[in-house]
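Count the sequence shown with my numbering and you get residues 1 to 203, in order.
Keep in mind the hints are simulated off the structure, nothing from the lab. None of these values were measured; they are calculated from a predicted model. There's no promise every hint is true.
[Unchecked claim] Only pairs whose alpha carbons sit at most 25 Å apart, straight line, appear in this in silico DMTMM-like list of lysine to aspartate or glutamate:
| # | residue 1 | residue 2 |
| --- | --- | --- |
| 1 | K127 | E179 |
| 2 | K60 | E153 |
| 3 | K165 | E153 |
| 4 | K127 | E147 |
| 5 | K60 | E102 |
[To be verified] Restraint-style ranges between C-beta atoms, simulated for each label pair:
| # | residue 1 | residue 2 | range |
| --- | --- | --- | --- |
| 6 | R180 | E47 | 31 to 41 Å |
| 7 | V32 | K181 | 46 to 56 Å |
| 8 | P30 | E153 | 28 to 38 Å |
| 9 | K188 | A63 | 22 to 32 Å |
| 10 | K181 | E47 | 20 to 30 Å |
We treat Cβ as the ideally placed atom computed from N, Cα and C, and that holds for glycine.
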Amino acid sequence: IAGGTPLGVDGAILLADRVLAAVEAGGRAPIVVLVDTASQNMARRDELLGLNEYLAHLAKSLALAAACGHRTASILYGPAAAGAFIAAALSSQSLVALPGAEPSVMDLPSISRVTKLPLEDLKKLAKTTPIFAPGVEPLFAIGAVTEVWAANEPLAPRLSALLGKPAASGDARDRIGLERKGRLLAEKIAERVVAEAAAHAGG
């Protein structure tokens with residue numbers, strides 16, 4: 001996804017098709033997604049066609065590829081927000097931020113509109129609570145961004161090293177966020193949910 005292009009139904013289905021073609025071909029070739037997208041396409045056509053389902057299909061295609069043994073990574077070198085960021089970047093096993101990366105799940109004005117919290121209060125929260133804040137540094141702190149690469153270092157060796165590392169089994173972002181002191185409760189809550197669900201199933 002290049003040039004800050006919004007990700008719509010056409011782009012999402014094309015990307016998913018490429019991912020599924022790699023899975024169908026067999027083998028374990030790595031899959032790398034280059035991401036520079038404004039956000040999802042908010043055009044009426046895309047919304048009426050069910051853009052959320054197309055984005056979910058792309059995310060599930062990357063999850064399937066990982067489950068089939070393909071190492072998946074997204075390289076973010078521009079803006080990415082909302083559903084496009086989740087589907088094309090966060091759905092890979094690893095997310096790398098390059099100079100120029102501007103990631104956000106939701107910007108602060110949008111969070112303010114949804115939660116009805118004053119924007120100034122959210123800006124204060126964002127300074128001390130990474131989960132509220134857009135940008136590379138907060139998303140690295142919570143474990144969403146795996147690595148941050150500098151502009152003056154060769155990218156090919158870094159990419160080769162990243163793809164050569166075995167991916168964590170399951171989603172380790174809660175653990176990584178705890179280690180980086182960006183998400184202090186997520187891992188404990190997830191473990192409690194799993195334990196209580198197992199106890200309920202056993203009972």
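- [ ] Could you tell me which of the hints above the structure violates, numbers in ascending order?
- [x] 2, 7, 8, 10
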